[in-house]
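**Q** One-letter residues, chain by chain:
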Amino acid sequence: MIAESGHYALVLALALALIQSTVPMLGAHQRDVALMNVGRSAALAQLVFAGLSFIALITLHVTSDFSVANVFENSHSMKPLLYKITGVWGNHEGSMLLWVSILALFGAMVALFGNNLPLSLRARVLAVQAWVAAAFYLFILMTSNPFARLATPPIEGRDLNPVLQDIGLAVHPPMLYLGYVGFSISFSFAIAALIEGRIDAAWARWVRPWTLMAWIFLTLGIAMGSYWAYYELGWGGWWFWDPVENASLMPWLAGTALLHSALVMEKRNALKVWTILLSILTFSLSLLGTFLVRSGVITSVHAFASDPTRGVFILGILVLFIGGSLTLFAGRATALKQGGLFAPISREGALVLNNLLLTVSCATVLFGTLYPVIMEALDFKLSVGAPFYNLTFGPLFALLLLIVPFGPMLAWKRGDLVAAAQRLLAAGVASLVAIAIAWAWARGGSALAPLGIGLGIFVITGAIVDLVERSGVARVPFRTALHRTRGLPRSVWGTAFAHAGLGIALLGIVCETTWNSELISTLRPGDVRNLAGYEIKFDGMTQRQGPNFTEVVSTFIISEDGRQLSVMTPSKRSFATRGMSTTEAALMTRGVSQLYVSLGDTTADGGLAVRIYHKPLVLLIWFGPVLMAFGGLLSLSDRRLRVGAPRPARAARALQPAE
Amino acid sequence: MTRKQRRLTIIGGALFVLAVAAGLVLNALRDSIVFFSTPTMVAEKHIGPGKRFRLGGLVQPGSLKRGDDLAVTFEVADGGAKLPVAYKGILPDLFREGQGVVAEGALDAAGVFKADTVLAKHDETYMPKEVADTLKKQGHWKDDYGKPQAAKPGPVSMREGEKTAAGATQ
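As you go down the protein sequences, you meet chains G and R in turn.
Going by this note's numbering, the first sequence opens with residue 1, and the numbers climb by one from there.
Going by this note's numbering, the second sequence opens with residue 1, and the numbers climb by one from there.
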């Protein structure tokens with residue numbers, strides 16, 4: 001019953017999406033308020049039904065109803081409750097259902113919080129949102145029904161892939177989808193504006209919070225996925241330039257560019273056409289990511305069985321939306337009025353350069369991801385790995401980081417580069433000192449590493465200098481400075497935190513890749529090894545029974561200068577249902593560095609193959625993105641941007657007494 | 001500055017950055033792309049020592065030998081030819097004889113493939129896509145490679161976010 005109800009709710013959601021995609025559009029065209037308002041109620045009802053459908057699937061997984069194919073394939077009655085729930089999106093059908101549920105959620109949020117939008121714009125935005133939703137409901141219902149029943153229900157399920165039975169996977173896909181799908185809002189706004197043929201700074205003011213929200217989720221989602229790969233896969237890598245990772249990085253790069261160009265549009269009413277194009281491209285890249293992940297066209301170290309019908313269907317959606325929106329853009333963009341003028345050396349100019357570098361680096365990632373596909377069509381099999389991205393994406397992004405501190409220092413319209421450089425003198429000196437120290441201290445490793453550290457320090461101190469300049473700490477009395485600091489808009493703090501986060505992540509990346517040390521060895525109980533000043537003693541192995549696995553836990557005693565620091569217990573788990581085993585690495589954190597112990601096979605003569613890494617400053621790699629997301633959150637809470645907040649000017653005017 | 005000048009500046013800047021990026025890409029394509037080969041293709045193409053490529057095929061049953069301190073040697077076969085592989089490090093969890101494998105590295109002067117990375121998937125039914133394609137093309141594809149998969153009821157679903165390539169890097 002629950003499965004059928006869930007299926008039916010999904011069909012109803014499709015029906016509502018079809019109504020929402022046509023009626024409000026018609027209403028906006030005929031200026032019929034009643035028809036336009038249909039969009040609002042349809043969007044809310046659509047969320048209710050998509051949500052019901054999603055809850056139905058969760059219920060089926062929790063109650064282990066193995067007569068449903070999806071539950072049978074991905075669940076097991078002995079699985080812990082948490083993984084029964086997260087297993088819902090640990091598979092293709094369920095994750096697509098999560099995708100559309102989040103899409104419905106965003107649609108409903110526009111309906112709820114969009115009261116201050118012009119009626120026709122809101123109607124059109126909701127209609128475009130429903131086009132996307134309808135396409136994906138159709139995709140699920142026609143190619144990947146999560147509620148399909150099995151004719152002969154088995155007694156037990158086949159269990160979820162063990163590597164996915166992890167808390168990281170509980171949070172990573174929903175975060176990533178909130179990001180991916182969140183960009184559908186700016187896409188819908190862009191298409192609505194093109195249809196409307198009118199766009200102004202107010203449009204950017206509405207779009208920016210939505211983009212910012214999606215960007216925050218995507219940032220956290222990518223960071224979380226990277227950390228999960230780091231500790232769960234057992235080989236200590238945190239980014240593999242894998243197509244599926246690139247699929248999430250590309251919308252992030254384009255989305256970051258969009259965030260900055262929308263700023264120019266909001267403040268200076270310039271870059272309108274470009275902002276519209278970026279909105280379209282960002283969501284197109286999200287769709288492309290979905291296609292790459294779901295179709296199996298790309299040989300990836302990620303395992304995705306390919307299903308041609310699904311691939312073709314999503315390719316169809318992709319062509320329809322990207323092709324359609326770009327055609328509309330080509331036809332309508334010239335009609336949009338040009339905005340304010342600015343000199344090349346100005347805040348706008350810096351943001352244009354930011355956009356240029358972000359989109360071009362995004363293009364190199366796109367090229368690297370698609371090149372093997374193109375070559376495979378020509379019968380060449382090859383892979384594009386880290387060396388390619390280090391030589392292309394690396395230099396472009398380094399250049400971008402170099403200009404980051406200059407942006408906030410320049411004035412709008414016409415800036416003074418020399419004055420900005422003077423103000424950044426402290427940051428430059430700090431960075432040179434850091435380079436010198438790194439050079440003197442470093443033993444071995446790339447000559448580029450000290451420069452990377454210098455760049456990271458430059459970005460971080462640049463962000464601090466910006467705050468210091470604005471509060472005037474160095475120039476005015478302390479009390480005034482404190483007052484000014486309190487008065488700084490939250491978005492200024494947000495910018496500083498996000499930019500500093502970039503620098504911090506860079507420091508982590510440079511230190512980890514350059515100075516990580518590694519030891520691979522066969523150990524017998526009682527053996528001792530030394531790595532990076534730590535003494536690692538293998539104490540022995542014990543067997544343990546988990547809920548749906550058995551594990552062999554190895555104990556390592558870590559000491560430094562004869563003092564015991566910690567006991568690390570990496571393990572090998574074997575999952576009987578799938579006949580698979582996973583390696584659970586053990587981590588010891590000291591400051592922001594980590595010691596990482598992962599296990600290999602036991603050899604015939606009783607030895608245990610062990611891989612031990614020391615990863616200096618590795619946690620900064622993820623601390624940086626968290627700081628960026630925090631900066632984004634601060635900006636989002638800024639009064640000026642708060643979703644639905646009345647504009648201060650209007651509020652002030654309302655309070656004036658009548659004359 | 002007039003609108004026209006501003007536009008020219010922006011377009012010029014954009015073209016410059018694009019040209020730099022194109023240069024970087026072309027440069028990177030020259031030596032950072034890794035081609036995929038099977039032992040038969042290696043024999044046919046006479047790939048020289050030191051040239052990096054990805055070797056794919058099946059681990060020849062009975063060929064896996066473990067040496068001192070995690071050194072292993074095994075042979076990769078594709079039905080037509082065999083190639084000895086030497087690797088030092090921990091093999092992925094599901095590295096098995098008779099199963100598909102992809103190794104990255106280069107040939108040495110003696111014709112042994114020195115691998116620095118060995119990839120295999122966390123699933124006993126796994127066959128790397130590129131290996132399966134090539135074996136099919138060469139007519140060495142045996143139906144029983146895919147049998148465990150076919151024996152299971154229902155469609156084999158895609159699994160979200162599965163970064164399962166248990167890799168082993170030296």
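Since the hints were derived computationally from the structure, they do not count as laboratory data.
Source: prediction; values computed, not measured.
Any given hint could be a false lead.
Claimed, not checked - Capping the alpha-carbon separation at 30 Å, the derived lysine-lysine pairs in DSS-like fashion look like this:
1) G/K337 - R/K45
2) R/K65 - R/K45
3) G/K337 - G/K267
4) R/K4 - R/K65
5) G/K537 - R/K88
6) R/K51 - G/K413
7) R/K4 - R/K51
8) R/K65 - G/K537
9) R/K88 - R/K45
10) R/K4 - R/K45
11) R/K45 - G/K267
12) R/K82 - R/K4
13) R/K82 - R/K51
14) R/K65 - R/K82
15) R/K88 - R/K65
Claimed, not checked - Some chain G residues close to chain R (C-beta under 10 Å, calculated; not the full set):
16) A343
17) F367
18) P387
19) V468
20) G472
C-beta: ideal position from N, C-alpha, C; glycine also.
**Q** With a cut-off of 10 Å on the beta carbons, see whether G/V468 makes it to chain R.
**A** violated (30 Å)
**Q** Run the distance test for R/K4 versus R/K45: straight-line Cα separation, threshold 30 Å.
**A** violated (55 Å)
**Q** Holds or violated: R/K65 and G/K537, Cα atoms, limit 30 Å.
**A** holds (28 Å)
**Q** Need the status of pair G/K537, R/K88: alpha-carbon distance at most 30 Å?
**A** Measuring from Cα to Cα gives roughly 22 Å; hence the hint holds.
**Q** Below or equal to 30 Å on CA atoms is what counts here, so check R/K88 against R/K65.
**A** Status holds; Cα separation ~12 Å.
**Q** Would you check the hint for R/K51 and G/K413, treating anything up to 30 Å between C-alpha atoms as holding?
**A** violated (53 Å)
**Q** Under 10 Å, Cβ to Cβ, is where G/A343 needs to be relative to chain R, so tell me if that hint holds or is violated.
**A** holds (6 Å)
**Q** Can you verify the interface hint for G/P387: is its Cβ closer than 10 Å to any Cβ in chain R?
**A** This interface hint holds because 4 Å falls under the 10 Å limit.
**Q** Just to be careful, I want the Cα atoms of R/K65 and R/K82 compared with a cutoff of 30 Å; is the pair within it?
**A** holds (15 Å)
**Q** Holds or violated: R/K4 and R/K51, Cα atoms, limit 30 Å.
**A** Distance ~51 Å between R/K4 and R/K51 Cα, so the pair is violated.
**Q** Does the alpha-carbon distance linking R/K88 and R/K45 stay inside the 30 Å limit?
**A** This hinted pair holds, its Cα atoms lying about 26 Å apart.
**Q** Close enough to count: is the Cβ of G/F367 nearer than 10 Å to one in chain R?
**A** holds (6 Å)
The structure shown violates the earlier hints numbered 1, 4, 6, 7, 10, 11, 12, 19, 20.
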